[in-house]
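Trainee: One letter stands for each residue in the lines below.
There are 2 protein chains.
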Amino acid sequence: MKEKITAFAPATVANVACGFDIMGFAITGSGDKVSVEFSDDNDLSQIVQVGKYAGLIPSQRDKNTAGVAIDHYLKVIGKENVKLKIYLEKNMPLGSGMGSSASSAVAAVVAVNHLFGEPLNKRDLIPFAMEGERIACGAAHADNAAPSLLGGFILIRDYSPLDIIQVPVSDDLQCVVLHPDIELKTSDSRKVLNRQLTIKDAITQSANAAGFMIGLLQNDLGLISRSMQDVIAEPQRGKLIPGFELLKKTAIEAGALGCSISGSGPAIFAICANKETVLKVEQKMKATMTSIGVNSTTYISPVNAPGAHII
Amino acid sequence: MKEKITAFAPATVANVACGFDIMGFAITGSGDKVSVEFSDDNDLSQIVQVGKYAGLIPSQRDKNTAGVAIDHYLKVIGKENVKLKIYLEKNMPLGSGMGSSASSAVAAVVAVNHLFGEPLNKRDLIPFAMEGERIACGAAHADNAAPSLLGGFILIRDYSPLDIIQVPVSDDLQCVVLHPDIELKTSDSRKVLNRQLTIKDAITQSANAAGFMIGLLQNDLGLISRSMQDVIAEPQRGKLIPGFELLKKTAIEAGALGCSISGSGPAIFAICANKETVLKVEQKMKATMTSIGVNSTTYISPVNAPGAHII
Numbered sequence: 602m603k604e605k606i607t608a609f610a611p612a613t614v615a616n617v618a619c620g621f622d623i624m625g626f627a628i629t630g631s632g633d634k635v636s637v638e639f640s641d642d643n644d645l646s647q648i649v650q651v652g653k654y655a656g657l658i659p660s661q662r663d664k665n666t667a668g669v670a671i672d673h674y675l676k677v678i679g680k681e682n683v684k685l686k687i688y689l690e691k692n693m694p695l696g697s698g699m700g701s702s703a704s705s706a707v708a709a710v711v712a713v714n715h716l717f718g719e720p721l722n723k724r725d726l727i728p729f730a731m732e733g734e735r736i737a738c739g740a741a742h743a744d745n746a747a748p749s750l751l752g753g754f755i756l757i758r759d760y761s762p763l764d765i766i767q768v769p770v771s772d773d774l775q776c777v778v779l780h781p782d783i784e785l786k787t788s789d790s791r792k793v794l795n796r797q798l799t800i801k802d803a804i805t806q807s808a809n810a811a812g813f814m815i816g817l818l819q820n821d822l823g824l825i826s827r828s829m830q831d832v833i834a835e836p837q838r839g840k841l842i843p844g845f846e847l848l849k850k851t852a853i854e855a856g857a858l859g860c861s862i863s864g865s866g867p868a869i870f871a872i873c874a875n876k877e878t879v880l881k882v883e884q885k886m887k888a889t890m891t892s893i894g895v896n897s898t899t900y901i902s903p904v905n906a907p908g909a910h911i912i
Numbered sequence: 602m603k604e605k606i607t608a609f610a611p612a613t614v615a616n617v618a619c620g621f622d623i624m625g626f627a628i629t630g631s632g633d634k635v636s637v638e639f640s641d642d643n644d645l646s647q648i649v650q651v652g653k654y655a656g657l658i659p660s661q662r663d664k665n666t667a668g669v670a671i672d673h674y675l676k677v678i679g680k681e682n683v684k685l686k687i688y689l690e691k692n693m694p695l696g697s698g699m700g701s702s703a704s705s706a707v708a709a710v711v712a713v714n715h716l717f718g719e720p721l722n723k724r725d726l727i728p729f730a731m732e733g734e735r736i737a738c739g740a741a742h743a744d745n746a747a748p749s750l751l752g753g754f755i756l757i758r759d760y761s762p763l764d765i766i767q768v769p770v771s772d773d774l775q776c777v778v779l780h781p782d783i784e785l786k787t788s789d790s791r792k793v794l795n796r797q798l799t800i801k802d803a804i805t806q807s808a809n810a811a812g813f814m815i816g817l818l819q820n821d822l823g824l825i826s827r828s829m830q831d832v833i834a835e836p837q838r839g840k841l842i843p844g845f846e847l848l849k850k851t852a853i854e855a856g857a858l859g860c861s862i863s864g865s866g867p868a869i870f871a872i873c874a875n876k877e878t879v880l881k882v883e884q885k886m887k888a889t890m891t892s893i894g895v896n897s898t899t900y901i902s903p904v905n906a907p908g909a910h911i912i
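In order, the protein sequences belong to chains A and B. For my numbering, add 601 to where a residue sits in the first sequence, where the first one is 1. For my numbering, add 601 to where a residue sits in the second sequence, where the first one is 1.
If we strip away everything but chain A, and leave its shape as in the complex, we get (with noise of 0.2 Å):
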């Protein structure tokens, strides 16, 4: 047998203001792919790197996002015996924001899951991908994991047992994701995050998540606005990215609903009301930041995109 199965996943917004830690959704317009077919070869302990970040990260199968989430897979299925080779296809950014590695992982037991014909559901597939995670991250978290996987908004409420909500939202609802071209090492996104909170902060971050989710399942713009307020990890990380507060108050300005900082940063995004809309908030945003001096990619998606499939 010589298929060869290719699957892409999407890139990722995780945190979502309110939703630090908690909330993600999947994006169009970046997203890496992996493709996995059986092989006779002697040795498949490399993975098989292209795209225009091949290279950046291990391709020893054991160290690579894509092959440990893989090799996690073939365990569970009784398959580790299974000679499979592996190519990844790169095409995202390290330490974006925009859930690079999580978008390898499920690319990757999308893949191989198809390959095997599709024993295990999709949700079946979240532990896997954050076990990939792990071995990028540090931690097995699955807020970029599971909406890559799945598409549309999602809310993990829960991960003893992994409880994902898959939250609707409005077609209508659009965000701009801006990449600017700095280094941000998640490493010290995390670092700057207090580890102790004030019982206030606390209730003021739990109010807004829960004013967001009814703004969102009720498409009330006016609720989501006012709901897209951080009080835990923005305030500190947001000192991290040259101009942020200027580039939030830009996007504020140019009609956006509300901007945050996309995972651990320095990806920002912005979410708009409609297409027209976020075109604008896009403009204002990269110029913005081209007038500090730093350069930048920007995506667009609507906020309720696909997840990951086989192309």
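Hints were generated in silico from the structure; no laboratory data involved. There may be inaccurate statements among the hints.
Derived lysine-lysine pairs resembling PhoX-like cross-links, with alpha carbons at most 20 Å apart [as the list claims (entries may be wrong)]:
(1) B/Lys686 to B/Lys676
(2) B/Lys840 to B/Lys850
(3) B/Lys887 to B/Lys876
(4) A/Lys676 to A/Lys686
(5) A/Lys723 to A/Lys786
(6) A/Lys664 to A/Lys786
(7) A/Lys801 to B/Lys801
(8) B/Lys801 to A/Lys792
(9) B/Lys792 to A/Lys801
Chain B is nowhere near these chain A residues, computed Cβ spacing over 10 Å in every case [to be verified]:
(10) Phe621
(11) Lys664
(12) Ile678
(13) Leu818
Here the structure is a predicted model, which is why all the values come from computation and not from measurement. No residue lacks a Cβ here, since even glycine has one placed at the ideal position from N, Cα and C.
Starting from the structure of chain A, add chain B where the hints point.
Mentor: Relative to chain A, chain B alone:
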């Protein structure tokens, strides 16, 4: 003019597990009444108290939750010189955790607003009721006052400015509130709260608050149940209520979706999917409380109960 206007305002469940400080709902079966009338009496500084719990709060108008709420209202509508006589029918016990002071304050402002031909709508009355809360509790909370006034299930997303969200809930959902015959001071309940939280607990609380809202809006009973967890207040406050853990276990085993402390206690509430279950849960909870030697009063109500109204 000798018209006497009487308003009823219901008891409320506040905090609502993961909704610590931000959620509340009205219940039927308990509440206070306030009457107002124009008067020529020379001394109107005392409020006439009647009812089962009359005389347990100050009758002096500027120290009474109903009097303070009314006087704030009169000032704002420019009627501070109008002479009003106030009657309070205090049916609710103090320090019950069922919003006793809010009930008095809300009934007061609804009555006085009606007396003047309802120049303000119900939502506009919330700040006056909150001033009544301030004199009773030391803090101008809205999580009892808003649901008592508006009815139904309420999210307080923010206080500055006040952002009160009415959360539509299924008419099937029922609640039992058990008020044990013990005294628990709000100040003691406040004292045991940790003022600092771990970031992990704050994330857990916000995830459950978000999940709870989705569960209520989609009438997803499983999600409602899984989300009804409080990591901020219940772990500390539960210890102040004799038999709390046992009672909670009893309620869940009897079929309740969730069970937690109402307000700052000692009242305990359980939410159930329907009338049949709530009756069973009430019976088991009451029997459990009796078995540990504590008398109790129980109330059964839809979660979506009416708010204050003129009678």
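Trainee: For each hint, tell me whether it holds in the structure or not.
Mentor: A quick look at each hint next to the structure:
Of the supplied pair hints, the one linking B/Lys686 and B/Lys676 holds, its CA atoms being roughly 16 Å apart against a limit of 20 Å. Taken as a hint, the B/Lys840 and B/Lys850 pair is honoured in the structure, with Cα atoms around 14 Å apart against an allowance of 20 Å. Taken as a hint, the B/Lys887 and B/Lys876 pair is honoured in the structure, with Cα atoms around 16 Å apart against an allowance of 20 Å. Of the pairs offered as hints, the one joining A/Lys676 and A/Lys686 holds, with about 16 Å between alpha carbons and a cut-off of 20 Å not exceeded.
Taking the CA atoms of A/Lys723 and A/Lys786, the gap is near 30 Å; set against the 20 Å cutoff, the hint is violated. A threshold of 20 Å between alpha carbons decides the hint, and for A/Lys664 with A/Lys786 the separation of about 18 Å falls inside it, so the pair holds. Only pairs whose Cα atoms come within 20 Å are accepted, and A/Lys801 paired with B/Lys801 is accepted, the gap being roughly 15 Å. Distance check on the hinted pair: B/Lys801 and A/Lys792 sit about 15 Å apart at the alpha-carbon level, within 20 Å; holds.
Note on B/Lys792 and A/Lys801: the hinted pairing holds, with a Cα-Cα distance of about 15 Å set against a maximum of 20 Å. Its closest Cβ contact with chain B, about 7 Å, brings A/Phe621 to no more than 10 Å, contrary to its assignment away from the interface. No Cβ of chain B comes within 10 Å of the Cβ of A/Lys664; the nearest lies about 28 Å off, and the non-interface call holds. Against the 10 Å criterion, A/Ile678 stays outside the reach of chain B, whose nearest CB is about 28 Å from its own CB.
With a least beta-carbon separation of about 5 Å from chain B, A/Leu818 fails to lie farther than 10 Å from that chain, contradicting its non-interface assignment.
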